[in-house]
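K.L.:
Can you make the complete structure from the sequences, with help from the hints?
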Amino acid sequence: MAICTITAYNQNIDSLRRILHTSKQDTTIINTLNVISVVLSTKGNYENALKYAKEALTRATKAGFKKGIADAYFSLGWYYKVQLNYSEAFKNYFTSLTILTKTGDKKSIADMYLNIAGLYFNQGNYGEHLKNQYEALKLYEQIDYKPGIGVALHGMGSVYLYLKNEEEALKYFKKALEIFEETGERFGIAQSSNSIGKIYADQGKYLEALKLHLAAKNIFEEPGAPSWGVPFSYSCIGDVYKKQGERAFAKKDTATAIKMFSKGMENYFAASVGSEKAGNKLDVAQSYIQLGEVNLKLSRFVQARQFLEKALLLSKSLNDKETTKDAYYNLFSLDSAEKKTNEALDNYKKYILYRDNLINEENIRKALQAKVQYGLYKEELEEQQKKSRRFFSFVLLGFLVIVSVLIAFIQWRNNKQKQKANVLLTKQKEEIQFTLAELKATQAQLVQREKLASLGQMTAGIAHEIENPLNFVNNFSEINTELLEELQAQLSAGNAQEALSISNYLKENERKINDHGKRADSIVKGMLQHSRVTSNKKELTNINDLANEYLRLSVHSLRAKDNTFNVSIETNFDDNIEELLIVPQDIGRVLINIYNNAFYSLHEKAKQYSDEYVPKLWITTKGSVKNGELKSVQIRIKDNGMGIPDNILDKIYQPFFTTKPTGQGTGLGLSLSYDIITNEHNGELKVQTSAGEYAEFIIELPKK
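Number 110 in the UniProt record's numbering belongs to position 110 of the sequence shown; there are no gaps in the numbering.
For the record, the hints were derived by calculation from the structure and aren't laboratory data. Take these hints with a grain of salt, some might be off.
Said to hold, decoys possible - In silico lysine-lysine, DSBU-like type, Cα no more than 30 Å apart, as pairs:
no.	residue 1	residue 2
1	LYS205	LYS175
2	LYS243	LYS686
3	LYS686	LYS607
4	LYS321	LYS131
5	LYS631	LYS350
For clarity, every value in this text was computed on a predicted model and none was experimentally measured.
P.N.:
And the structure:
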């Protein structure tokens, strides 16, 4: 029985049953029972699928047919996998792998590694997924089995795509496509085309993406194709049209946007019908979310709610957190559009709950990207070491049978070879340790770079702020020089009264010089206070003063960049809030980041809307009091700028994610801010936004 993650079983049940009833060969009967079980599981007929798998296992065990036993355990694993019972699926898959390993059938072993990799991917364990893909690839290459090599390469590309490394993913997908085209593996060509098309759509290459998706759909419509192929292609086509609609909507081209959204909806509907027919419930739920989202964009609220509520019900029954989270978020957006405040708040809370549960998985996904290549290299090195040890053992045993006079020579040469190997291994170990140290240093530098970027953004404001007192000092110094010359002249002429009057002027000017000098000194000390390396020591701090001080610095920084740009700023500080125990430099960095992001958004929108648009910024502080005691303080920073599009809202706290042009943002600002607020201060950093209208960041800091 062939096991492949791209080619699915879509055979006719009646023809399989005819084989079952007419065949007299035990092996044929067992193989057919296993295939029928997999087909029935895929179609959702779980009761009969389990019956056929168990019968296959019983017959294969009785006949001593090891390959049939292994395939029966695979059929059982597949039965549990399609029902998302991953623990039982793993148990049966590993049993199958153990049996296959004893048979020495490299292709079947590699096939099993691919299926195990698929389970790990579904669970979000991308390191183990890649490890098993790599094991499969090595075995396929050993026997030069091209279709399997293509499948393994495609699987690796899928990991990189999920890790947001589209450049690396595209390389693997194109390699897989070349192999599938070389071998004529039609369904592999279709799946690779869809994968490449999704990347092209993200890059804005819509025509190229559509061409690939349509070609894939045509292939999947051929006889014997996997049942999920056509619905998946429709979903990909729908994504392309939706992205075109979003772009047209952003450009205020409403007619084109409606046209594109409508085409997207047609394809999403076709995907949902196809997935339902194939029994792929999770795909059905995801199609419903896509339909709900597009109907919402077209202001068809009733239809949007019908699809989203269906998606929520189905995803919860499947216990799929990611899809459930997306359903709650879209219901929140729908309730907001319909002004259903209470329902919107309830759905938003549920969305946050599911999103937070997935945060650890998201952090693991980010960390894996840096470790994947090192992990593969390490495994390859260990495998090479094992081969070397086996080789040396063989050589040693061979030479032991030789006459005793050669033993000394053999031992000497063997020791030399071991020394060389140890030197090589030591060198490789040092290189790896050095690389890891460099990675850690680079990470620290990136974090420091963001902190320095925050300081750099303030520098222009500080320079502007310090310019006024320095100008006063310079001017009064020049005046005093002239007055001293006049004083000397009056004293020489004996005009005591005039000299006394001049001395009073000198005294007053010196006082002003001293005052402005102190002002400059305080500004410099404030800058040093911000720029110094924080010791994470918390201090009692006035939140209103802190928010106002960093607002002033950010405004001056804005003025230094463009003194023609004006912003209306409103502050509403709660004077009754007490001082909080915080690290002021770190909270200052958070404030300067959010202020600067707001000013950037306002400036970008002003360039688009010219004179008809009035940029505004609101800063509010408010204490939360319970039983007469302060519990927490909120800082709300709202702007009427560009807002944040829904499709990137979940990404804004990710390290290195930025929408600013190259060179204008590190992508670490909000990531560090989130870490400072949530981890260092046990607070919350939330955002409320509407694309094209506003964005409001809410910082909540507990008193204790």
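K.L.:
Would you mind marking each hint as holding or not holding in the structure?
P.N.:
Tested hints:
no.: 1; hint: LYS205 to LYS175; in the structure: holds (20 Å)
no.: 2; hint: LYS243 to LYS686; in the structure: holds (26 Å)
no.: 3; hint: LYS686 to LYS607; in the structure: holds (27 Å)
no.: 4; hint: LYS321 to LYS131; in the structure: holds (25 Å)
no.: 5; hint: LYS631 to LYS350; in the structure: holds (24 Å)
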